[in-house]
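A.B. asks: For chain A, the structure is supplied; the task is to place chain B on it using the hints.
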Amino acid sequence: MARMKFLCDADRCIECNACVTACKNEHEVPWGINRRRVVTINDGKPGERSISMACMHCTDAPCAAVCPVNCFYTTADAVVLHSKDLCIGCGYCFYACPFGAPQYPRVGNFGSRGKMDKCTFCAGGPEADGSHEEFEKYGTNRLAAGKLPLCAEMCSTKSLLAGDGDIIAQIYKERVTKRGYGSGAWGWQTAYRETIAT
Amino acid sequence: MARLLAQARFIIGAFVVALILAVAAPVSAQQPSHVSPNAAAVKEQQLLNALSPGGSVGGRVSIPDQKSGNLIHPAGRDWTRFHEVTLRWIGAISVLGMLIVLVAFYLIRGQVKLESGFSGRRIVRFNAFERFVHWMTATCFIILAISGLNITFGKPLLMPLIGEPAFAGWSQWAKYAHNYLSFPFAIGVVLIFLMWIAGNIPNKVDVEWLKRGGGIVGHDHPPAYRFNGGQKMIYWIVVIGGAAVAISGYLLMFPFYVTGIEGQQLAQVVHGVIGALFVAAMLGHIYIGTIGMEGAFEAMGEGTVDVNWAKEHHALWLEQEMARTGPNESQRQPMATPAE
Numbered sequence: 188m189a190r191m192k193f194l195c196d197a198d199r200c201i202e203c204n205a206c207v208t209a210c211k212n213e214h215e216v217p218w219g220i221n222r223r224r225v226v227t228i229n230d231g232k233p234g235e236r237s238i239s240m241a242c243m244h245c246t247d248a249p250c251a252a253v254c255p256v257n258c259f260y261t262t263a264d265a266v267v268l269h270s271k272d273l274c275i276g277c278g279y280c281f282y283a284c285p286f287g288a289p290q291y292p293r294v295g296n297f298g299s300r301g302k303m304d305k306c307t308f309c310a311g312g313p314e315a316d317g318s319h320e321e322f323e324k325y326g327t328n329r330l331a332a333g334k335l336p337l338c339a340e341m342c343s344t345k346s347l348l349a350g351d352g353d354i355i356a357q358i359y360k361e362r363v364t365k366r367g368y369g370s371g372a373w374g375w376q377t378a379y380r381e382t383i384a385t
Numbered sequence: 011m012a013r014l015l016a017q018a019r020f021i022i023g024a025f026v027v028a029l030i031l032a033v034a035a036p037v038s039a040q041q042p043s044h045v046s047p048n049a050a051a052v053k054e055q056q057l058l059n060a061l062s063p064g065g066s067v068g069g070r071v072s073i074p075d076q077k078s079g080n081l082i083h084p085a086g087r088d089w090t091r092f093h094e095v096t097l098r099w100i101g102a103i104s105v106l107g108m109l110i111v112l113v114a115f116y117l118i119r120g121q122v123k124l125e126s127g128f129s130g131r132r133i134v135r136f137n138a139f140e141r142f143v144h145w146m147t148a149t150c151f152i153i154l155a156i157s158g159l160n161i162t163f164g165k166p167l168l169m170p171l172i173g174e175p176a177f178a179g180w181s182q183w184a185k186y187a188h189n190y191l192s193f194p195f196a197i198g199v200v201l202i203f204l205m206w207i208a209g210n211i212p213n214k215v216d217v218e219w220l221k222r223g224g225g226i227v228g229h230d231h232p233p234a235y236r237f238n239g240g241q242k243m244i245y246w247i248v249v250i251g252g253a254a255v256a257i258s259g260y261l262l263m264f265p266f267y268v269t270g271i272e273g274q275q276l277a278q279v280v281h282g283v284i285g286a287l288f289v290a291a292m293l294g295h296i297y298i299g300t301i302g303m304e305g306a307f308e309a310m311g312e313g314t315v316d317v318n319w320a321k322e323h324h325a326l327w328l329e330q331e332m333a334r335t336g337p338n339e340s341q342r343q344p345m346a347t348p349a350e
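If you read the sequences in order, they're chains A and B.
First residue of the first sequence: 188, per this note's numbering; consecutive thereafter.
First residue of the second sequence: 11, per this note's numbering; consecutive thereafter.
Just chain A, with the same shape it has in the complex (with noise of 0.2 Å):
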């Protein structure tokens, strides 16, 4: 089985957003909720470089480890999903992500959290494959369609890459020798304890 990684190629990201507005539209996110954004670092200044962020679905995923019940599960891609059905909105994997990745809506006590949501990698969640009840609360299973998370796929610059670990690697690494630099697979050594040897 493929080890799914995402890599966004800072390089190549010229933040147009247009990853954020399709897995909005993909999964018929609600207001408030961002499975995916692009951030901006040394915004303005020589040298910045846009990121687009997901959860990174984590080797060893800290998110998994401090669920108090246990909502969590990785799936054969070593796709890191959630059952919405578990979580009681805690709100301690956000604390654990070191990617900023759960997400809440504010419902429930006091307006503060509700059942956490987070990117699926367009993997859906427990309920059967593809079913309405998946949809509603996980958005659509690609995967078990057989496609990529759309975030990458209509990458206008191909910056974000989703798929097998290796193959994206190996695709950054060609890049990166051809073209003469690199600023890095960002999230790599965080999420994989592994980072790409360019």
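No false leads were mixed into what you were given.
Using 30 Å as the maximum straight-line C-alpha spacing, the simulated DSBU-like pairs for lysine-lysine come out as follows:
1. K211/A with K53/B
2. K53/B with K365/A
3. K165/B with K324/A
4. K302/A with K165/B
5. K211/A with K302/A
6. K302/A with K77/B
7. K321/B with K123/B
8. K77/B with K53/B
Since the hints were derived computationally from the structure, they do not count as laboratory data.
C.D. replies: Relative to the frame of chain A, chain B by itself:
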């Protein structure tokens, strides 16, 4: 004719293009021949290396949720380790340790008996309002403690027994109880602080009381006013510990209103550690107020204590009360049970 015109147009067009190129050439020549877009670009490794402990690599986002500007926050892994390993050790050692100490103490020392026996004459120790505040706070505390311990210890201990769905359902209700009962608890702590502060300022009598070990071991009865050194310690644990768990708890309940991610993590660390120590301290308080000491529970149960109990444990307070009300005003009650 038409052919000639077309030729002329072509020649003029070519001339214009040549002219534009000739003018533009020096402009493009001013650009460096080889542009390195990487010259000053930020690199992930540099930013990670420069990161202070607990810090994050971040930038600007164009969405309203400004905390999403945190791109990489490696300290999330450290907090995870604290929550899964360190906090469990702290909680287990303090709570189980206190239980072991109490059981051992009960087996070795046994109940602190009323040595002079029940006199049958009783004196008011806590009025109805004091008892109401105490039991409101106490009831909330027990539910808060169970639902709080559930968050840290429920997954390894309770979940394997009842299964994931049942455990998640129970935990959801435990969270609701924890959130809502925090309000009467916090009010109770404030009222406790205000209504008993006068009797809980540490003084010389407490130093003497502590030097004699509070008379816990042996048959010593060091004198005390209304609250002895040990009770004053419990009072300040409740006031300071209660304030700490309430403030850190409200930071967690209303996340990101006041602090960023580092502050939220710190609030959880404070809440978890103080909460565990608080539970351990209250186990000691419950022990000495119930099976640990003969005649002690009545003080908070019915509000009155036996005069002999007051003489043994709060001699100076009894003197004050007697001087204030006169000995005849203390309630005389028929002996319900023969003195043991």
